[in-house]
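Heads up: the sequence lines are chains A and B, in that order. Here the first sequence stands for residues 3 to 434, numbered as in the numbering used here. Here the second sequence stands for residues 3 to 434, numbered as in the numbering used here.
A couple of the hints might just be wrong.
Which copy? The list can't say, so a pair holds if one copy fits it or any two copies do.
Said to hold, decoys possible - Pairs of lysine-lysine, DSBU-like flavour, derived with a Cα cap of 35 Å:
#1 K169 / K79
#2 K103 / K157
#3 K45 / K25
#4 K16 / K45
#5 K314 / K157
#6 K157 / K79
#7 K157 / K25
#8 K169 / K45
Calculated from the structure, these hints are not laboratory results.
There are 2 protein chains.
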Amino acid sequence: MVARLSAADPNFAKTFADLLATKREVSEDVDHVVAGILADVRKRGDEALIDYSHRFDRVDLSILGIRVTPEEIAAAKTECDPEALAALSLARDRIEAHHAKQLPRDERYVDLIGVELGSRWTPLDSVGLYVPGGTAAYPSSVLMNAVPAKVAGVKRLAMVVPQPEGKLAPLVLAAAELAGVDEVFRVGGAQAVGALAYGTETIAPVAKIVGPGNAYVAAAKRRVFGTVGIDMIAGPSEVLVIADGTANPDWIAADLLAQAEHDASAQSILITDDPDLADAVEQAVERQLSTLPRKDIAAASWRDYGAIVVVKDIAAAVPLSDQVAPEHLEIITADPEPLVAAIRHAGAIFIGGHTPEAIGDYVGGSNHVLPTARTARFASGLGVLDFVKRTSILRCGPEQLRAIGPAAIALGRAEGLEAHARSVAIRMNPGG
Amino acid sequence: MVARLSAADPNFAKTFADLLATKREVSEDVDHVVAGILADVRKRGDEALIDYSHRFDRVDLSILGIRVTPEEIAAAKTECDPEALAALSLARDRIEAHHAKQLPRDERYVDLIGVELGSRWTPLDSVGLYVPGGTAAYPSSVLMNAVPAKVAGVKRLAMVVPQPEGKLAPLVLAAAELAGVDEVFRVGGAQAVGALAYGTETIAPVAKIVGPGNAYVAAAKRRVFGTVGIDMIAGPSEVLVIADGTANPDWIAADLLAQAEHDASAQSILITDDPDLADAVEQAVERQLSTLPRKDIAAASWRDYGAIVVVKDIAAAVPLSDQVAPEHLEIITADPEPLVAAIRHAGAIFIGGHTPEAIGDYVGGSNHVLPTARTARFASGLGVLDFVKRTSILRCGPEQLRAIGPAAIALGRAEGLEAHARSVAIRMNPGG
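Given only the sequences and the hints, what does the whole structure look like? Please build it.
Rendered as structure tokens:
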């Protein structure tokens with residue numbers, strides 16, 4: 003039975019806080035192993051990649067080659083279901099159109115005293131995209147990571163994907179081609195992260211590495227951070243549904259289960275002001291669970307981390323949701339917009355009964371790489387801004403320097419940085 | 003003597019690459035110590051802060067109190083040089099005006115098939131600002147970190163600053179007040195980072211921690227990343243000057259030394275097409291060095307990491323500069339704008355002879371927290387975007403779901419996520 007909480011319960015605040023504080027993922031301590039792999043890749047390059055792929059993925063890259071060939075990608079496309087290919091293509095177009103609106107504008111202006119200031123955005127030269135192998139190789143994730151980089155103007159996009167037992171998912175390769183990925187390499191794990199960060203004979207180094215991975219990949223990304231940029235480290239995923247009596251319980255149950263089927267550490271929470279809806283959703287979840295292919299995973303997630311919270315008034319759901327800072331928030335009520343406006347922390351908000359979260363996973367156009375595990379308190383979903391950087395621009399003439407230079411001199415001296423002060427003063431001295 | 007490189011030298015590419023690859027900072031391995039301190043602060047809260055402050059800063063916080071009082075701040079202001087206070091106030095106003103232009107705009111639009119999409123920006127609830135103690139306690143850094151957070155709309159800004167031997171810099175406290183810092187605590191080191199991340203009896207936890215610190219602070223920030231957001235980890239600082247024969251060698255020398263005085267691991271590089279300017283700058287550096295209060299530090303930096311590179315044509319400076327991806331780039335040439343336009347990687351660009359980098363450190367208005375150690379290849383300077391996060395918004399009606407739902411169903415099935423597919427399909431079935 004799923005946890006049922008009532009906001010009227012005198013212990014509610016603590017029970018709810020405990021629900022959020024429950025650690026949903028055991029973090030493996032793999033840092034020591036990863037440090038060794040990274041150092042080895044840095045030293046031995048391709049040779050190390052071949053060794054680790056042999057050991058971990060049971061493939062011989064000295065025969066297959068480290069880089070996936072254009073012929074293999076073309077062949078993979080012919081293996082794909084045409085309907086899935088068409089769906090990927092629609093998804094790509096919608097993601098591209100939405101992300102194009104995120105391109106930041108350069109700015110250059112002159113202020114009241116004549117100082118020119120500016121912000122100029124430029125794309126990263128190169129980006130590495132990590133794609134997990136096996137069942138977690140999601141073609142939609144390839145699009146969600148690669149398309150924003152290409153929209154940003156990144157010229158070189160290198161993808162790494164392990165090929166365990168010699169198999170690469172055809173639809174993943176097709177997605178890479180659709181998204182404009184420039185190079186694909188059949189390596190994974192910490193060794194692939196090392197190759198992207200330091201470079202090998204075959205793989206040129208990149209400026210930033212994005213994409214999800216297991217504990218080894220996450221630890222490797224943390225370690226190479228600084229040498230290259232990295233995206234956020236993804237944690238277990240969650241959905242929170244705010245719904246009132248007007249919502250369809252079967253639809254809500256389906257959404258809670260779509261989240262729960264991801265993995266056993268996913269979390270699905272319903273907050274409602276209607277105890278009857280709470281009951282109906284709970285029953286619908288049980289009914290729908292029984293026929294799901296991934297019912298064991300979904301059932302474990304729902305049993306261990308799922309929750310239904312009943313509040314007195316639907317507005318009371320807002321502060322509770324902000325406490326969760328959910329990756330995905332669905333608002334399915336008679337009048338959702340005031341609730342949407344009041345929410346402060348969420349990765350993405352899905353409004354109304356006809357916007358299941360799965361639409362956002364695939365074809366909505368917005369990104370499905372979103373801040374997990376309460377990090378929406380301080381982080382955003384992936385977007386074009388993750389693939390560009392800003393350069394500040396400053397230009398003074400003699401008059402402007404005379405106006406603000408003395409303050410710079412005073413602060414330089416106050417901080418004990420005399421050479422700073424002198425670098426300004428020397429230009430204000432007519433004999434300088 | 004400083005390194006002199008000529009781009010005409012057949013070994014130049016390697017020599018230049020070696021110059022950049024030189025590790026300028028020894029990274030201390032303090033991670034194990036830091037892990038212990040963080041765990042202790044998490045467990046014992048204020049008591050741990052009092053113990054570590056006693057041990058590391060030789061102050062008794064059980065008497066002084068952990069929080070700096072409004073009375074202390076008021077008293078500190080009376081100790082400050084009025085000229086320095088006025089300069090700080092000018093700096094604050096200019097930083098505020100420039101950063102106000104960085105506020106991102108919300109967007110909500112309806113696409114061609116009627117899907118509503120949006121991006122909404124909200125400020126972080128709370129931010130912790132780390133300020134180093136001792137000689138590295140720079141009031142200008144307080145402004146550069148705090149003002150953008152306040153411009154972003156952060157309601158609670160908590161500053162931590164160690165008080166070694168009982169001393170707090172009055173101008174640092176004055177800067178905190180000017181910048182609108184809400185709470186100041188006299189703790190530093192890994193323990194202060196732990197307090198901001200996990201909270202103690204006196205210090206409420208924050209959503210993100212920013213600000214520079216020593217190796218312990220950097221290691222602590224890396225460790226708490228995920229629980230809270232962090233800014234980039236700052237490395238040793240650098241300036242690169244591109245100048246032609248029209249530039250004043252004394253001014254350039256002053257700028258190279260302003261960078262070099264920061265610390266012995268700072269790096270100052272001049273690239274010029276004029277060998278006479280190269281000679282004149284080298285001589286001016288030696289001349290100016292002799293009278294600098296921090297001449298030992300500046301001389302060590304210039305000797306160990308400084309360089310003068312002579313190129314045949316000033317345009318050849320651009321790819322070399324991009325290879326450095328300098329934190330600060332000065333362009334002092336007869337016609338700087340084409341060079342500015344061609345540059346791809348730099349934290350900030352200072353244009354023309356009357357824009358010494360020190361203006362940007364204090365009163366230009368742009369931020370002086372910039373990507374160091376080649377990270378301008380993928381990172382931006384600190385700004386308002388570091389204190390806000392984006393929520394995606396998606397809304398479909400029945401018609402839109404009919405249009406794009408089938409593609410979501412196809413992709414869900416292709417990825418083996420049947421519950422995803424069903425959460426869409428159930429809404430397309432008239433009986434659902």
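Evaluated hints:
1. K169 / K79: within (14 Å within a copy, 68 Å between copies)
2. K103 / K157: Classified as both: same-chain Cα gap 19 Å, cross-chain 29 Å, threshold 35 Å.
3. K45 / K25: between (37 Å within a copy, 17 Å between copies)
4. K16 / K45: Answer is between; shortest inter-copy Cα gap is 19 Å, intra-copy 51 Å.
5. K314 / K157: between (53 Å within a copy, 29 Å between copies)
6. K157 / K79: within (24 Å within a copy, 52 Å between copies)
7. K157 / K25: For K157 and K25, only the inter-copy Cα distance (29 Å) is at most 35 Å; the intra-copy one is 40 Å.
8. K169 / K45: For K169 and K45, only the intra-copy Cα distance (28 Å) is at most 35 Å; the inter-copy one is 47 Å.
The structure shown violates none of the earlier numbered hints.
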